[in-house]
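Undergrad: The primary structure of each chain is shown beneath.
Number of protein chains: 2
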Amino acid sequence: MDRCERTGRTPVMKCSVCRGPAGIRAPRHNAAFCDLHFREHFLRQVQRAIESRDMFREGDSILLGVSGGKDSMVAWEILTGMGLEVQALHLNHGFGPYSERSEEVVRAHAARAARPLEVRSFRGLMGVTFEQALRVSARPACSLCGTVKRYWMNRTALELGCTVAATGHNLDDEASALLGNVLHWQTGYLRSRLPALPEGEGMVRKVKPLFRVTDEETRLYAGLAGLEFVEDACPYAENVTTHYYKGLLERMEREFPNIKGAFYLGFLDRLLPGLSAEFRRAEHEMRRCPECGYRTLREGRCTVCTLKERAAGSPGKPDRAPPA
Amino acid sequence: MDRCERTGRTPVMKCSVCRGPAGIRAPRHNAAFCDLHFREHFLRQVQRAIESRDMFREGDSILLGVSGGKDSMVAWEILTGMGLEVQALHLNHGFGPYSERSEEVVRAHAARAARPLEVRSFRGLMGVTFEQALRVSARPACSLCGTVKRYWMNRTALELGCTVAATGHNLDDEASALLGNVLHWQTGYLRSRLPALPEGEGMVRKVKPLFRVTDEETRLYAGLAGLEFVEDACPYAENVTTHYYKGLLERMEREFPNIKGAFYLGFLDRLLPGLSAEFRRAEHEMRRCPECGYRTLREGRCTVCTLKERAAGSPGKPDRAPPA
Chain H
1102 MDRCERTGRT PVMKCSVCRG PAGIRAPRHN AAFCDLHFRE HFLRQVQRAI
1152 ESRDMFREGD SILLGVSGGK DSMVAWEILT GMGLEVQALH LNHGFGPYSE
1202 RSEEVVRAHA ARAARPLEVR SFRGLMGVTF EQALRVSARP ACSLCGTVKR
1252 YWMNRTALEL GCTVAATGHN LDDEASALLG NVLHWQTGYL RSRLPALPEG
1302 EGMVRKVKPL FRVTDEETRL YAGLAGLEFV EDACPYAENV TTHYYKGLLE
1352 RMEREFPNIK GAFYLGFLDR LLPGLSAEFR RAEHEMRRCP ECGYRTLREG
1402 RCTVCTLKER AAGSPGKPDR APPA
Chain F
1102 MDRCERTGRT PVMKCSVCRG PAGIRAPRHN AAFCDLHFRE HFLRQVQRAI
1152 ESRDMFREGD SILLGVSGGK DSMVAWEILT GMGLEVQALH LNHGFGPYSE
1202 RSEEVVRAHA ARAARPLEVR SFRGLMGVTF EQALRVSARP ACSLCGTVKR
1252 YWMNRTALEL GCTVAATGHN LDDEASALLG NVLHWQTGYL RSRLPALPEG
1302 EGMVRKVKPL FRVTDEETRL YAGLAGLEFV EDACPYAENV TTHYYKGLLE
1352 RMEREFPNIK GAFYLGFLDR LLPGLSAEFR RAEHEMRRCP ECGYRTLREG
1402 RCTVCTLKER AAGSPGKPDR APPA
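Protein sequence lines correspond, in order, to chains H and F.
Here my numbering is used: the first residue of the first sequence is 1102, the next is one more, and so on.
Here my numbering is used: the first residue of the second sequence is 1102, the next is one more, and so on.
Hints in this document: simulated from the structure, not taken from any laboratory.
Each residue gets a CB set at the ideal place from its N, CA and C atoms; glycine is no exception.
Be careful, since some hints might not be right.
[Claimed, not checked] Below 20 Å or equal to it, Euclidean Cα-Cα: the simulated EDC-like pairs (lysine to aspartate or glutamate) are:
no.	chain 1	residue 1	chain 2	residue 2
1	F	Lys1347	H	Glu1356
2	H	Lys1250	H	Glu1260
3	H	Lys1347	F	Glu1351
4	H	Lys1250	H	Asp1274
5	F	Lys1347	H	Glu1351
[Stated by the list, open to error] To give an idea of the chain F side of the interface with chain H (calculated C-beta under 7 Å), a few residues:
no.	residue
6	Val1283
7	Leu1284
8	His1285
9	Tyr1290
10	Ala1363
11	Leu1372
12	Gly1375
13	Leu1376
14	Tyr1395
[Unchecked claim] A few chain F positions that, by computed beta-carbon distances, are all more than 12 Å from chain H:
no.	residue
15	Val1237
16	Trp1253
17	Cys1393
18	Cys1406
Bound conformation, chain H alone (with noise of 0.2 Å):
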C-alpha cells in the first residue's frame, strides 16, 4: 500500500467506498481509499477481529501492553475509543535511550489523553538488569523479552483485577512468527498463534485485537490519527530471524497481494480445525510453576522463576559477552 504522491506520473484513484480521489492504495483488498474512509476500512477490521473471536464480554476490564510503537499506541486509541475499559501497562526494559524515548512517549500520551498507565520496570519485577538475566539466561534476547513480557502481562493483570490481556500484535507479526513456525513445524508453538486465547487457572484471557491488519496499514493509521510513537527499532532486533521471515513475506505479497492474509487467516480457518488430536495434546502437557503457578511446558519451576532465582544467585558471573 503506497501514498499517492499525486504527481502527474501517478494515475489517479477513486476511493471504493466514495469514489472521491483516493491517496491509498490497499492491494491486498483489491481497494483504493480516501483517508476517511481507509480510516473506516481499518477500524471495521479490528471490529471484525475482535468479533470473529468473542475477544471481549461484558464487564470485561483490559490490560493492554504498550511499548510505545506503532501497534500498541494504535490499539490503546482504538479500544478505548470504542468504550472499553483499558488499562495499560508499560514496562521498561532499561535498554539505555530505547527505552527512555519509549517510556517518555507513553507517558506523555496517557497525560495528554488522561488515560490509566501502569509503568513497570525489568528491574524492578526481576531483581536483576536485562543484561543480568541474558548472561545467566540460555536464550536470545528477543526470546527471553518475550517470555518475560508475557509473564508480567499476565501477573500484573491478576494483580489489577483485570480479565483480558491485549497486544498490539498485528497481520505482519503473526504471519512472519508462523512461518517460523511452520518452517521448523514447531507444532507446540502453533496454539501461540491463536488470536485470542481463553482463560484458564491462574491466566487472564489473552487477545491480539490487530491481528487483521499489517504493519504499513498500522502505520498509516497512526499517522492519519496524528499519534505520537517510536519508529526506532529495539538494540536487540539487529539479525533477528523473525526479521526475516517478515521481510521474507513482505517480498511476497508484493508478488502475490494478500498472501500474509491468505496464509495466516487460512491457518486459523483450515488447518486449525484440521489439528485436533495434535492441537489437544500441546494443551493437556501445560504443568503450573509450583512457585507462582503460571502456566508452563517444564516440569518444576517455570521459565522466569527460574531466571529469577538463578540471576539473584549469580549477579556479576560474567558468564555470557554482553553484545556490542
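For chain H, the structure is supplied; the task is to place chain F on it using the hints.
TA: Here is chain F on its own, set in the frame of chain H:
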C-alpha cells in the same frame, strides 16, 4: 553444495567418511565428501527414503515415469541397480524440439543399457494435441500436464501389470509444492505431498524414492554417474509459481542450511500425525470416475475424461491463444 575447484583460494576440505581430499560440500548434512563417498551417501539417502516409507515389496513391478531430466534418469539407474523390476514410461507431450530431445535421450539410454521402455504421445493418449487440450481447459499448462501425466501413469501401470508407479520428484519439488500448499493452506492437497501413497481400488501405489535428496545433489550424482540428461527447461515452465517457491527455499537454504529438509521431513514427521480429522476427510471424499474408474474429487467424470470429451468436440476452437 559447491564443487571445490582445488585452487589456492579454496580451503582444502576433508571427506567426512575417509578423511581424504573432498571436492563436495554438503552444508545441510554438515559434511564434505569425496566423489566416491558422496555417491555412497546419496544412495544411502535413497535407500533410507525407500525403506522408511515401505515403498517396494517382494514381487513388485515398478512403472517409472522418465522425462529425460536428471531426476528420472537418476531414479532409473538407482532402482534398476538395486535389482528392482523397473519398466520405464516416457510421455512425449509434443512440445517441439524440447520433447524431441527428451525422447531421444530416454531412448538412447534404454538402448545403451538394455532397459525396458514404453513411449507414448500426448496426442495418441488424449486424441488431441496439448495445445488443443489447453484451449478447452481452464487450467494453467503445468497443472494440465501434471494431471494428465498422473492419470496415464496409473492407467499404464494397470495395463502393463505394474504394482507401483514411481516418479523422480525430489526434496526441492516436494518442499516447494508444500510451501505453496501451506501458504494457501490447501489442506486437500496435503495428502499428495506424501512420498508414498498406498494402492486403492483402481489405483496402483505411488512412490517418490528421491524425496530425501535435493535438485543439486541429484544433478551432481547424475554427473558422477555419467548419465546423459536434458538440461533445458520445459517451454511452458516460465513464470511458474512453484519455480518462485523453489527459488525462495533455495535462498533460505543458503541462510539456514537444511531448512528445506526440516520443512518437508518435519511435515511428514510432525504435522501429519496431528492432522487426523481433516486428513481423513480429504481421503474419504474421493469419488470414482464413472467412465474410467480413476480417483477424483469431482462429481461425475474425472478431469481427463471431461477434457478428452471437450477437446474432441471442439478441436479447432480458438478460445484461448497459444503461448508465444
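Undergrad: Against this structure, judge whether each hint is valid.
TA: Each hint, compared with the structure:
1. Lys1347/F to Glu1356/H: With Cα atoms ~15 Å apart, Lys1347/F and Glu1356/H stay inside 20 Å; holds.
2. Lys1250/H to Glu1260/H: 15 Å, holds
3. Lys1347/H to Glu1351/F: 17 Å, holds
4. Lys1250/H to Asp1274/H: Judged against 20 Å, a Cα distance of about 16 Å means the pair holds.
5. Lys1347/F to Glu1351/H: Given pair Lys1347/F, Glu1351/H holds - Cα atoms ~17 Å apart, limit 20 Å.
6. Val1283: 6 Å, holds
7. Leu1284: This hint holds: Leu1284/F lies near chain H, its Cβ roughly 5 Å from the closest one there, short of 7 Å.
8. His1285: 5 Å, holds
9. Tyr1290: 11 Å, violated
10. Ala1363: 5 Å, holds
11. Leu1372: This hint holds: Leu1372/F lies near chain H, its Cβ roughly 5 Å from the closest one there, short of 7 Å.
12. Gly1375: 2 Å, holds
13. Leu1376: With a closest approach of 5 Å, the Leu1376/F hint holds.
14. Tyr1395: Violated - the Cβ of Tyr1395/F stays beyond 7 Å from chain H, reaching only about 26 Å at its closest.
15. Val1237: Label holds. Min Cβ-Cβ 27 Å, cutoff 12 Å.
16. Trp1253: Answer for Trp1253/F: holds, closest chain H Cβ roughly 31 Å.
17. Cys1393: Holds, since 30 Å exceeds 12 Å.
18. Cys1406: The claim holds: Cys1406/F sits with its nearest Cβ about 29 Å from chain H, beyond 12 Å.
In this structure, the earlier hints numbered 9 and 14 are contradicted, and the remaining ones agree with it.
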